[in-house]
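K.L.:
All chains, full assembly: derive it from the sequences and hints.
So the protein lines, in turn, are chains A and B.
Note that this note's numbering has the first sequence beginning at 126, numbered continuously upward.
Note that this note's numbering has the second sequence beginning at 126, numbered continuously upward.
Mixed in with the good hints, there may be bad ones.
The list treats identical chains as interchangeable, and a pair is accepted whether it falls inside one copy or across any two copies.
[Unchecked claim] Capping the alpha-carbon separation at 30 Å, the derived lysine-lysine pairs in DSSO-like fashion look like this:
# : residue 1 : residue 2
1 : 346       : 182
2 : 346       : 247
3 : 182       : 160
4 : 247       : 182
5 : 182       : 251
6 : 160       : 247
7 : 182       : 132
8 : 132       : 251
For the record, the hints were derived by calculation from the structure and aren't laboratory data.
Quantities reported herein were computed from a predicted structural model and do not represent experimental measurements.
Number of protein chains: 2
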Amino acid sequence: METLTPKQREIRERERRILDVATPMIREHGMSAIKMDSIAQAMNLTRGTIYNHFPNKEEILMAMAGRAVARRMALFHFATTLADRPRWSCAAIGLAAEVYADHLPDDFAIEQMVRHDPVWQKTSPKRRTVLLDCEELCIQAIGSLIDAAIECGDLDGSTTTTIASLKQQITFGLWSLVYGGLVIEATSPSLVTSGIEEPRQAIRRNCNALLDQLDWRPHYKASEYNALVNRITPNLIVRANELQHEHFEGPSDLMLGAQTPNGGEKDHDS
Amino acid sequence: METLTPKQREIRERERRILDVATPMIREHGMSAIKMDSIAQAMNLTRGTIYNHFPNKEEILMAMAGRAVARRMALFHFATTLADRPRWSCAAIGLAAEVYADHLPDDFAIEQMVRHDPVWQKTSPKRRTVLLDCEELCIQAIGSLIDAAIECGDLDGSTTTTIASLKQQITFGLWSLVYGGLVIEATSPSLVTSGIEEPRQAIRRNCNALLDQLDWRPHYKASEYNALVNRITPNLIVRANELQHEHFEGPSDLMLGAQTPNGGEKDHDS
DNA sequence: CGATTTTTTTGACAAAATGTCAAATTTGAC
DNA sequence: GTCAAATTTGACATTTTGTCAAAAAAATCG
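P.N.:
Structure follows, in structure tokens:
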């Protein structure tokens, strides 16, 4: 029962191809640009077959989002390995976020979409938890960096009331600055008009300012920081491009839950 | 030609009512929840009539967004008048953003929607510029606070390369922290799971940390800051509730551009 | 006031998209 | 090669959008 028949193999593979085909569609014109029929045609199939894989558009978007978050998580994790001191690893994650937005723009856009479109309610809990779990892992990644920083004396945990609250503040602060900044940059046509011409510089400076203020050592030094940026950005870009073509069948059943058309509920009266 | 016939009056009024009826619909289930027919029925009209006012759903959403941004702008402006030192006015705007998200939640949601849904391209340039102009005014509001702070010596403009770049950094930083933070709070179900239980506290602290780091005086002092919060928040809430029922016929032609079915281009030969 | 012109509303229509399902086809096992 | 199981298909019912000529209502004017 463990060897997959050719047909089963094809079906699995197709699941992935559906996402590949749908992804570029969504980018320009959003959710409403996904037409079950276009996807089917693009794959030389009929709508019915697509519906055997995903019961509706929302599930497709959710599956794309799952893949996107998984990729982002992988990139963030990779980023932390490129530096050897917590604060620099932290900076590396920030850069990874920039690279993510630039080099996996479809994934970036999809993640935003999934937040706002009323997709959430129409999808199965299974897909939702995948997403939530991944996001939580991203948050915890920064949490462990903070732990490590306190451990090695780079950050003083005793200035604030509790370590938990310090973690909260830093994590949420960086998240807001980077995610918020990138979203604003991506969606606000009035940025340049308003004199904000270098949002990326602003994001970086602000993150550093925040961490400096909280006295997370070593404090910002332009030369060091820029050296780090120049050193690791190319690596991040390479990794991002790799990720785009990786299969991510890892947490398979969850990521790409193959659904037998006749349903999983068939057996109760047969 | 200046006195409006009763009918013309009714039509103008209806434009506003359409937005009122549509607004609560969109909240729960997003853009796709606006059905031209539901709106029509809710107003005892037929779809055709709605189409005389707005050529498509996107324009309705855009009109709602225009009203929302105008309200936010008014609230921000009001906030600055509640404090008498630039840094405190700045804090007041941050609080105003919180109040906006809490007490005008439909408007807040609509603003986000308009950013991400592919509404932008399908709408008329006129509506778009309204939105952009309002947003720019919001940005400039912070810009002038920075100018004022430098003027009165609370902020040292000579530490950074240029004042423009300082402005850029502060404006964008606060914007990212507050907007980003509120959006994350509103759309990330995994926040609490991840140990971030007081996003509002985190946002406030981070904004203050950022401004302190840039040495915008007077530096943060819990007692003063909390006093400010307690003093002005009630005023902001009152104002927010007022704004919800104000008519905003101000920049009328733009905000609520009545479209004569036979087109606005009729007058060129009369 | 009533006739006429203009504006507004209507509802029937075509088009596009979703989601369903019994019948047709393909696959895999023997 | 045959047959049962799984898969694909395309026709169908449904929902929503957007259009438009005809009907209705409102404004204008003698």
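K.L.:
Each hint: holds or not?
P.N.:
Here's how the hints hold up against the structure:
1. 346 - 182: Neither. Shortest intra-copy (48 Å) and inter-copy (51 Å) distances fail the 30 Å Cα cut-off.
2. 346 - 247: This pair counts as neither: shortest intra-copy Cα distance 48 Å, inter-copy 46 Å.
3. 182 - 160: Cα proximity of residue 182 and residue 160: in one copy and across copies (8 Å, 19 Å).
4. 247 - 182: For residue 247 and residue 182, both the intra-copy (9 Å) and inter-copy (22 Å) Cα distances are at most 30 Å.
5. 182 - 251: within (16 Å within a copy, 32 Å between copies)
6. 160 - 247: The answer is both: 17 Å in one copy and 18 Å across copies each meet 30 Å.
7. 182 - 132: Within one copy only: 24 Å inside a chain, 44 Å across chains, cut-off 30 Å.
8. 132 - 251: within (25 Å within a copy, 54 Å between copies)
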